[in-house]
Amino acid sequence: MTLIRLFGAAALLSLSSLASASSFIGTTDMIGSALVGTSESTTNLTSGDDKVVLAAREDAASFVASAGEIRGAQLESALQLIRAKAPALQASDLELAEAILAR
Amino acid sequence: MTHPLLRLRLWLLPLLLSLATGTHAELRLQLDERGLDAAQRQVSQQLLDTAHALLPPAFLERLDQRIRVRWTRLPDAVHGRLVGDRLLLNQALLASLVDGSASQERTGRTHGTRYRELLATVLHELAHRYDRARLWSPPERRQLARCARLADTLGLVGLPDTCRGQTTRRFTLSDDPRLLELAGWPQRIGGRGEPVSENGLRERSPDPYELHNPREFLAVNFEYFLLDPTYACRRPALHQYFQAHFTWQPPRAEPCSPRLPYLNASRDYEKAPLAWIDPERVYEVDYLYAEANDNWVSRWGHSMLRLVICAPGRPRGADCRLDLDHHLVLSFRAFVGDLQLSSWDGLTGEYPSRLFILPLAQVVDEYTKVELRDLLSVPLRLDQASRDALVRRAVEMHWSYDGRYYFLTNNCAVETLQLLRTGTDHPALRGLDSVMPNALLDSLIARGLADPSPLADSREALRLGYRFDSFRARYQAMFSVLRQQLPISQRTVEEWLALPADHRQPWIARADLRTSAALLLLEQAAQRQQLLLAQDELKQRYLSGAADPRMQRTGEMLQSMLVQAGFLSRPAELLQSGYGLPLPAEWQELSSLSEERHRYLRRLSDTLDQDLRQLLLPQRRHELAAVESNLAQLGERVRELHRQSGGLRLESGTR
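Order-wise, the sequence lines are chains A and B.
First residue of the first sequence: 10, per the working numbering; consecutive thereafter.
First residue of the second sequence: 4, per the working numbering; consecutive thereafter.
Worth flagging that the hints you see were computed from the coordinates, not collected in a lab.
One thing to keep in mind: the hints can contain errors.
[What the hints assert, rightly or not] With a straight-line cut-off of 30 Å between C-alpha atoms, the simulated DSBU-like cross-links for lysine-lysine are:
(1) B:K274 / B:K542
(2) A:K60 / A:K94
(3) B:K372 / B:K274
(4) B:K542 / B:K372
(5) B:K372 / A:K60
(6) A:K94 / B:K274
(7) A:K60 / B:K274
All values reported here derive from a predicted model rather than from experimental measurement.
Can you make the complete structure from the sequences, with help from the hints?
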């Protein structure tokens with residue numbers, strides 16, 4: 010039935026973009042939105058930065074879980090941004106990745 | 004074939020003649036005054052003088068002819084017509100020229116008034132005359148003769164790339180391959196110089212007559228080049244073409260905004276769709292390639308372009324490579340406004356092909372997480388000017404293009420290659436005939452146009468965004484971590500994901516931070532899997548015509564949403580006025596119209612989201628809820644462990 014599948018991908022994309030994916034996005038955002046924590050060192054981010062950090066959560070999870078083995082570009086982008094915002098920050102990549110994951 | 008000496012004499016002759024007469028030869032417009040009274044003569048002469056003064060100096064000089072102009076009876080709809088060396092104007096319009104009403108009368112067409120239409124007519128017909136006169140420069144003439152000779156001896160297959168489309172030229176401009184591709188008739192990929200027959204740049208045209216054929220396209224655009232001070236901003240590529248040809252531009256050409264408006268086809272309905280690209284901010288353009296998978300629609304992969312745009316305030320440089328949330332993707336896709344998909348329609352060009360401009364993050368998500376495919380991002384070796392022109396061209400197409408998607412002959416690779424060719428005018432692209440995305444990447448690399456070196460080190464490529472890995476591999480890696488850390492009995496990631504969410508839940512409390520991270524990613528995989536299953540079930544039930552009226556209603560809503568979202572890839576439908584790129588004066592209207600449509604989409608999307616959840620089969624709904632609960636627990640677990648370890652905390656600012 011390969012013929013039927015011809016536009017399967019396109020249909021899937023439109024379906025996911027229009028319907029189910031919104032709930033999916035809602036869920037992943039929900040994990041990130043609750044803000045808790047009592048740690049001493051904090052870094053302030055603007056809302057634009059927030060977006061970059063949120064986008065890096067899955068990369069951060071991969072990085073933490075793989076002990077630094079899997080290092081995606083979205084994590085790299087967030088690391089670059091955090092270090093640019095807080096040049097004095099003394100933190101390893103792993104520490105920052107954990108902080109992103111715990112956002 | 005013409006004897007070389009004879010050819011030499013042919014173009015020497017006019018030269019000698021002009022020397023003999025001793026005058027500076029140029030185009031003369033001679034009014035046929037017979038039957039005209041003094042007032043009629045005067046306004047007619049003024050019209051011709053004005054037209055003459057508008058013409059480029061090189062045009063006047065090269066078209067060294069006398070054109071007789073006369074008012075005569077013509078069909079109502081026709082303003083003028085060229086017959087041999089005679090320009091006939093419709094005498095029905097003469098009275099309005101005499102009493103001045105022609106300058107007041109609005110025609111409802113792009114030129115505005117009757118008088119401007121008449122002026123445009125004179126320029127239009129003269130353009131035809133110029134075009135037919137084969138006014139090639141001596142070097143061009145030599146090149147065309149050489150190409151014709153080579154075509155005779157070598158045939159089209161052995162022809163050098165520079166001769167493509169140059170072997171049987173008959174017109175000064177309207178069969179120039181460069182003009183043709185800018186006009187929307189690019190050379191067919193694999194067609195050995197032959198242009199495509201259908202012009203896809205049908206939107207936002209100043210005058211649909213231009214799409215009739217390349218001769219009319221030339222004449223119509225010549226009118227606007229000379230008469231419309233905003234032509235350079237509305238059709239920058241064509242303006243540049245005319246400017247280069249005449250080594251001149253109209254003195255009144257207006258300066259253009261450096262920012263180019265576009266509609267972002269992001270599915271994030273919270274963000275305003277109207278946005279701007281500043282070509283100055285584009286650091287690099289990558290060929291973005293989604294690797295093939297088992298689906299046969301994607302067996303050859305998907306071709307796209309990625310604009311590496313620098314974040315505001317960052318100087319253009321390598322650091323921009325990581326400004327991922329500013330990067331955009333140009334992707335030609337079949338626009339499918341129908342749930343009832345037909346493969347036959349895909350093969351026969353029933354689906355419109357549109358240029359979507361999307362945020363990179365969304366494209367990366369779609370391919371690596373939903374479709375589980377790798378993405379390769381290979382920088383193109385383009386100089387600043389080519390890159391700039393390519394970006395402009397892409398935005399022009401975004402506003403004007405509404406092509407047909409043919410799976411085999413006009414697919415994403417073909418369209419991406421056409422855009423690259425037309426946008427950059429790079430000589431190495433002319434002879435490139437790949438019609439499949441994977442082959443196109445290889446060809447670009449082989450011709451030195453794409454630089455694969457950043458991909459040599461796979462880890463670095465991943466870190467710096469030259470490669471985005473399929474999450475299939477990540478899920479495997481996460482599962483390995485899980486197996487090391489926890490005594491689970493499942494042997495494969497598939498088995499783990501096939502477990503009911505309730506059975507995965509008890510492991511959460513036993514996981515350390517590292518394992519929680521792995522569990523989190525795997526739980527997201529489970530969620531995506533459930534959503535895809537849900538989607539498929541809904542689609543099947545809808546298509547099978549299941550009697551549930553709620554299902555039908557939701558299906559119709561979804562259908563209407565697909566259609567409504569069409570404007571994001573066909574922004575032309577938002578504006579009724581203007582042509583080409585919208586000018587700053589049109590941005591306000593554009594902004595309010597696009598946001599209005601967006602709000603409507605957002606409302607539909609929210610309703611749909613709720614309705615679809617209601618329509619899910621009970622066991623699917625239960626499973627999704629359980630996965631969501633697992634995800635929430637994992638999020639909490641991660642934060643808790645992080646807090647306990649006294650980890651660094653990132654905080655939202657107020658700005």
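Checklist line | Hinted pair K372 of chain B and K60 of chain A, Cα distance within 30 Å | finding: holds, 19 Å
Note to self: Does K94 of chain A sit within 30 Å of K60 of chain A, going by the straight-line distance between their CA atoms?
What the structure shows: Between K60 of chain A and K94 of chain A the Cα gap is close to 14 Å, so the pair holds against 30 Å.
Check: Holds or violated: are the alpha carbons of K60 of chain A and K274 of chain B at most 30 Å from each other?
Finding: Holds, at about 13 Å.
Checklist line | Proposed proximity, K542 of chain B with K274 of chain B (alpha carbon, max 30 Å) | finding: Answer holds: K274 of chain B to K542 of chain B is near 28 Å, not above 30 Å.
Checklist line | Hinted pair K542 of chain B and K372 of chain B, Cα distance within 30 Å | finding: holds, 21 Å
Note to self: Tell me if the straight-line CA distance from K372 of chain B to K274 of chain B falls inside 30 Å.
What the structure shows: With a Cα-Cα distance of about 22 Å, the restraint between K372 of chain B and K274 of chain B holds, given a limit of 30 Å.
Next item on the list: Compare the distance between the alpha carbons of K94 of chain A and K274 of chain B with 30 Å, and conclude whether the hinted pair is satisfied.
Entry: It holds: about 25 Å lies between the C-alpha atoms, which stays within 30 Å.
When held up to the earlier numbered hints, the structure conflicts with none and fits them all.
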